[in-house]
Amino acid sequence: GESVGLHLPTLSVQEGDNSIINCAYSNSASDYFIWYKQESGKGPQFIIDIRSNMDKRQGQRVTVLLNKTVKHLSLQIAATQPGDSAVYFCAEIPYGQNFVFGPGTRLSVLP
Amino acid sequence: EPEVTQTPSHQVTQMGQEVILRCVPISNHLYFYWYRQILGQKVEFLVSFYNNEISEKSEIFDDQFSVERPDGSNFTLKIRSTKLEDSAMYFCASSPDRGKEKLFFGSGTQLSVL
Chain A
941 GESVGLHLPT LSVQEGDNSI INCAYSNSAS DYFIWYKQES GKGPQFIIDI RSNMDKRQGQ
1001 RVTVLLNKTV KHLSLQIAAT QPGDSAVYFC AEIPYGQNFV FGPGTRLSVL P
Chain B
20 EPEVTQTPSH QVTQMGQEVI LRCVPISNHL YFYWYRQILG QKVEFLVSFY NNEISEKSEI
80 FDDQFSVERP DGSNFTLKIR STKLEDSAMY FCASSPDRGK EKLFFGSGTQ LSVL
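Quick mapping for you: the protein sequence lines, in order, are chains A and B.
Under my numbering, the first residue of the first sequence carries the number 941, and numbering increases by one thereafter.
Under my numbering, the first residue of the second sequence carries the number 20, and numbering increases by one thereafter.
Extracted from the complex, chain B is given alone in its bound form (with noise of 0.2 Å):
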């Protein structure tokens, strides 16, 4: 079965520092999104992305945040300046259509900012 892929699995940064979480999505999907998980809690919605644009962010998602689909196979997350905070598990999802199907989850990217 075709998969969404996470590279790289864990990344440790310094606070303060920009890191790009990448993902390639199912080569078929038009819809693709983050999420994020913070150990012991529920998964978060982040932002979704269609036709090379944002089409919806939640709150978490401010300037610090940026989304791209540098070429036609990746998907990546930025974080521009990280914070404490921002530790978690990122998972990448992509579908082929937005809420109507379901969505295809990448087996995430641990970020640990010290």
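This is chain A alone, in the form it adopts within the complex (with noise of 0.2 Å):
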């Protein structure tokens, strides 16, 4: 069936250095896309959303690139800091219906 998917499960990157982080989508049919960051032991937080008409999109220190031709999202977080180790999620929403998530990408800021 339709499935959101990550390319790495497990990230670690050096403060200071960009991460970026991939998620891989199969629903063609999807139209809006989110980006979310699970700190231990809470919620889901919101971090970025892009919808399918669009290629990429800018936050604070984060940047959501989507690739339709490829169905392949990414996340980009520019000079990672401690506080954005946490689990990151990406999901699918086709139009109407619920959020599908991917399993999570583990991200690990190391000193």
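Derived by calculation from the structure, the hints in this document are not laboratory data.
Be a bit skeptical, because a hint or two may be false.
Unchecked claim - Straight-line Cα separation of at most 25 Å, PhoX-like style, residue types lysine-lysine; simulated pairs:
id : chain 1 : residue 1 : chain 2 : residue 2
1  : B       : K61       : A       : K982
2  : A       : K982      : B       : K102
3  : A       : K982      : B       : K76
4  : B       : K61       : A       : K1008
Stated by the list, open to error - Derived, one-sided and incomplete: chain B residues facing chain A with beta-carbon distance under 8 Å:
id : residue
5  : R41
6  : F64
7  : R88
8  : L122
9  : G125
10 : G127
To be verified - To spell it out: a stretch of chain A is covered by chain B in this simulated footprint if at least three of its residues, at any positions, have a beta carbon under 8 Å from a beta carbon of chain B; those stretches are:
id : region
11 : 984-992
12 : 1039-1048
Keep in mind that this is a model prediction, so the values were computed, not measured.
Where is the CB? At the ideal position from N, CA and C, for every residue including glycine.
The two chains are supplied separately, each in an independent frame; assemble them into the complex guided by the hints.
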């Protein structure tokens, strides 16, 4: 069936470096995508979203890129900080349907 | 910023007992959800609720589960007879619109069934 998956289950980066977390999706009907951050013991927190009519969106230190041709989504975090250590989930949302979450990538920021 | 609140943060229960997990969604939101996350696994959809009825449910949401909006602010998940495999973190979420806007999640209730 349709699914959302992640290329890398874990990612370790040096503090100050940029991080890139990837996500593949397979439902071509998805028109809305979100990245969530989940810290230990907490609920998912919204980071940034993008709709299918865009290919790039920037937030504060974060950028989401959407490549509909290859059904790929990425989250870029600039100047990664210790507070960025968490599990990051991508979610795809086919129009009018429920969110489908990927399995998550754990980001570890090394001092 | 408004937030979804969940109580209790931790719930320990004996197998076969009933539990009720409580949530207060954001006040002007219309869509309410329950998700669960078994330790180390991804967030899984359980049920969505709109206009005082279930709009969609997953195969996980069997007859042991029920949801209710008993008043204008609370949204509850009841598990009638808990099983060991119900142990998980349960997240409530709300949204102003379905599939078009982000979900706002609560901080979760950790349910442990012994």
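Hints, verified against the model:
In summary, the hint linking K61/B to K982/A is supported, as the alpha carbons are separated by about 14 Å, within the 25 Å threshold. In summary, the hint linking K982/A to K102/B is supported, as the alpha carbons are separated by about 24 Å, within the 25 Å threshold. At roughly 24 Å between alpha-carbon atoms, K982/A and K76/B fall within 25 Å of each other, so this suggested pair holds. For a cut-off of 25 Å, the pair hint linking K61/B to K1008/A stands: about 24 Å separates their Cα positions.
The interface hint given for R41/B is violated, since its Cβ lies 15 Å from the closest Cβ of chain A, which is over the 8 Å cut-off. Hint status for F64/B relative to chain A: holds, with the closest Cβ pair at about 5 Å, below 8 Å. Interface hint status for R88/B: violated, as the beta-carbon distance to the closest one in chain A is roughly 18 Å, over 8 Å. Evaluation of the L122/B hint against chain A yields a held restraint, the C-beta minimum of about 6 Å falling below 8 Å.
Interface restraint check for G125/B: the shortest CB-CB distance to chain A comes to about 5 Å, inside 8 Å, so the restraint holds. Here the hint on G127/B is kept, as its CB sits about 5 Å from the closest CB of chain A, short of 8 Å. With 4 residues having a beta carbon nearer than 8 Å to a beta carbon of chain B, the region 984-992 of chain A meets the requirement of three or more and the stated coverage holds. For a cut-off of 8 Å, the count of residues in the region 1039-1048 of chain A with a CB near a CB of chain B stands at 6, and the three-residue condition holds.
Of the numbered hints stated above, those contradicted by the structure are hints 5, 7, listed in ascending order.
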